[in-house]
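Visitor: Listed below, chain by chain, are the residues.
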Amino acid sequence: MAKITAGIGCSHVPAIGAAFDQGLTQDAYWKPLFDGYEPAREWIKKYKPDVAILVYNDHGSALTLDLIPTLGIGVADARCQL
Amino acid sequence: MDYNEIKTLKAKFEEVPGTYLFNADRCRQGYWLNTFCSSMSKDENRKAFLADETGYLDSRFPKLTKEQRRCVLERDWLGMIKNGANIYYMSKYGATLGRSFQYMAGEMTGQGQDNYRAMMMDGGRTTKGNFYKKQNGGKVSCISNKSGKDFSKQA
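Protein chains in written order, with the working numbering: chain F, 845 to 926; chain W, 16 to 170.
It should be emphasised that the hints constitute simulated quantities derived from the structure, not laboratory data. Ideal placement from N, C-alpha and C gives every residue a C-beta, glycine not left out. Incorrect hints may have been included.
Keeping only pairs whose Cα atoms sit at most 20 Å apart, straight-line, the calculated SDA-like set for lysine to any residue is [claimed, not checked]:
#1 W:Lys57 x F:Leu911
#2 F:Lys875 x W:Asn130
#3 W:Lys164 x F:Tyr873
#4 W:Lys97 x F:Leu909
#5 W:Lys57 x F:Thr908
#6 F:Lys875 x W:Lys161
#7 W:Lys57 x F:Asp865
#8 F:Lys875 x W:Arg132
#9 F:Lys890 x F:Ile852
#10 W:Lys57 x F:Ala862
#11 W:Lys161 x W:Lys148
#12 W:Lys22 x W:Tyr35
#13 F:Lys890 x F:Ile848
#14 W:Lys78 x F:Asp910
#15 F:Lys875 x W:Asp137
#16 F:Lys875 x W:Gln128
#17 W:Lys62 x F:Ser905
#18 W:Lys164 x W:Asn151
#19 W:Lys57 x F:Pro876
#20 W:Lys168 x W:Arg90
#21 W:Lys143 x W:Thr34
#22 W:Lys161 x F:Pro876
Short, incomplete list of chain F residues facing chain W, as computed with Cβ under 10 Å [unchecked claim]:
#23 Gly853
#24 Val857
#25 Pro858
#26 Ala862
#27 Asn901
#28 His903
#29 Gly904
#30 Ala906
#31 Thr908
For reference, chain W alone in the conformation it holds in the complex (with noise of 0.2 Å):
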């Protein structure tokens, strides 16, 4: 694959909405980040980090962006994401505040625990309309596979 391929694979994954490939670049991004979330598989570390949040950031991890920095003591989960965090690093954090993926994963998505919960238990999410940024302004539908019902965030 030469280079002008890659480049073009890579921009097609960043087409598809919802979604934000950890491809190299986020990795790169994402270093600081994730070197903080595999911090918190150690207990002593969970302990310092939740007796001062600010404290352990600045003194360990001051190579965090002001972005990442913030996603972290906002438990902004989607905004990690962008930011180059990686699920499976950031399970860790998770764990440590007491969250799980499914909790997770209904704050990235916008639509809370129990709509995600609900949708997954009806047969997940569509792809219909799920492709491509264009096809619905950019939203992720939130509509399941079994009954068609629309599980997103009702306001």
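If we strip away everything but chain F, and leave its shape as in the complex, we get (with noise of 0.2 Å):
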């Protein structure tokens, strides 16, 4: 039986993957941001979860308003390195 080890909460505001990738998380803009998400990357790195629900807003990315599905599941090959 799977056991639930935790649950994270974090804004969803797509300009944070933006913000990252332009590496401006120590930007004074967003670094207080970036700063919430260290106890959850300790907490990550203490008690590797074997398997991680992501549930997100797509925001348009990968849909268009031609098909907008109330619940979709995104299936990958690739595994995250943590």
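Hints in hand, dock the two standalone chains.
Guide: As structure tokens, then:
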């Protein structure tokens, strides 16, 4: 039987991803937000979960206005390296 | 919720200064505008657009209204929102031009990026006076929450 070990919530502004990609995590505007991720980062290093279920909003990235499913399940081969 | 209640609610949202709610009406109005923005997710489309902006719009998105077309070509971000753009699609177009959310927000509010950024770092925009258009003559107040400074663009 699987055991749910944690639930982590996060603000889901798409700009966060762009700031990360552009190396702005230490920028004064973004630093307070990215500092908030540190405890979760430490936690996940210590207690590596076997499975992580990510629930998120696509924000028009993979899907267009022509197809807006209420719920979709994304599947990928690649595994995130922690 | 019956039709009249929806109508009343919709009218109430239009009373918020500087806010253009992305509702079903704007979604319909902005379909081609958002589809254009969405097309910017592909590198080949970005290259084609940047090489010939009007040619790209005319050949692939002839159903854009004149006003939507003008907003795209003149980078009128608020104009796009008023004409049915959704910020999440619009961000693809912004990124194509090297513009961030922060830049677009600064342009849309008329504050400019630096003032907008400074206001957000000073606790964000106050809600005081920003609930109804009649409170501040239709203008959006740019007073910050923390120090109460006015971050409107200084002329």
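Visitor: State for each hint whether it applies.
Guide: Hints and how they fare:
no.: 1; hint: W:Lys57 x F:Leu911; in the structure: 17 Å, holds
no.: 2; hint: F:Lys875 x W:Asn130; in the structure: 18 Å, holds
no.: 3; hint: W:Lys164 x F:Tyr873; in the structure: 18 Å, holds
no.: 4; hint: W:Lys97 x F:Leu909; in the structure: 18 Å, holds
no.: 5; hint: W:Lys57 x F:Thr908; in the structure: 13 Å, holds
no.: 6; hint: F:Lys875 x W:Lys161; in the structure: 18 Å, holds
no.: 7; hint: W:Lys57 x F:Asp865; in the structure: 18 Å, holds
no.: 8; hint: F:Lys875 x W:Arg132; in the structure: 13 Å, holds
no.: 9; hint: F:Lys890 x F:Ile852; in the structure: 15 Å, holds
no.: 10; hint: W:Lys57 x F:Ala862; in the structure: 17 Å, holds
no.: 11; hint: W:Lys161 x W:Lys148; in the structure: 23 Å, violated
no.: 12; hint: W:Lys22 x W:Tyr35; in the structure: 15 Å, holds
no.: 13; hint: F:Lys890 x F:Ile848; in the structure: 15 Å, holds
no.: 14; hint: W:Lys78 x F:Asp910; in the structure: 16 Å, holds
no.: 15; hint: F:Lys875 x W:Asp137; in the structure: 14 Å, holds
no.: 16; hint: F:Lys875 x W:Gln128; in the structure: 18 Å, holds
no.: 17; hint: W:Lys62 x F:Ser905; in the structure: 19 Å, holds
no.: 18; hint: W:Lys164 x W:Asn151; in the structure: 16 Å, holds
no.: 19; hint: W:Lys57 x F:Pro876; in the structure: 32 Å, violated
no.: 20; hint: W:Lys168 x W:Arg90; in the structure: 19 Å, holds
no.: 21; hint: W:Lys143 x W:Thr34; in the structure: 15 Å, holds
no.: 22; hint: W:Lys161 x F:Pro876; in the structure: 16 Å, holds
no.: 23; hint: Gly853; in the structure: 20 Å, violated
no.: 24; hint: Val857; in the structure: 8 Å, holds
no.: 25; hint: Pro858; in the structure: 6 Å, holds
no.: 26; hint: Ala862; in the structure: 6 Å, holds
no.: 27; hint: Asn901; in the structure: 9 Å, holds
no.: 28; hint: His903; in the structure: 4 Å, holds
no.: 29; hint: Gly904; in the structure: 4 Å, holds
no.: 30; hint: Ala906; in the structure: 9 Å, holds
no.: 31; hint: Thr908; in the structure: 5 Å, holds
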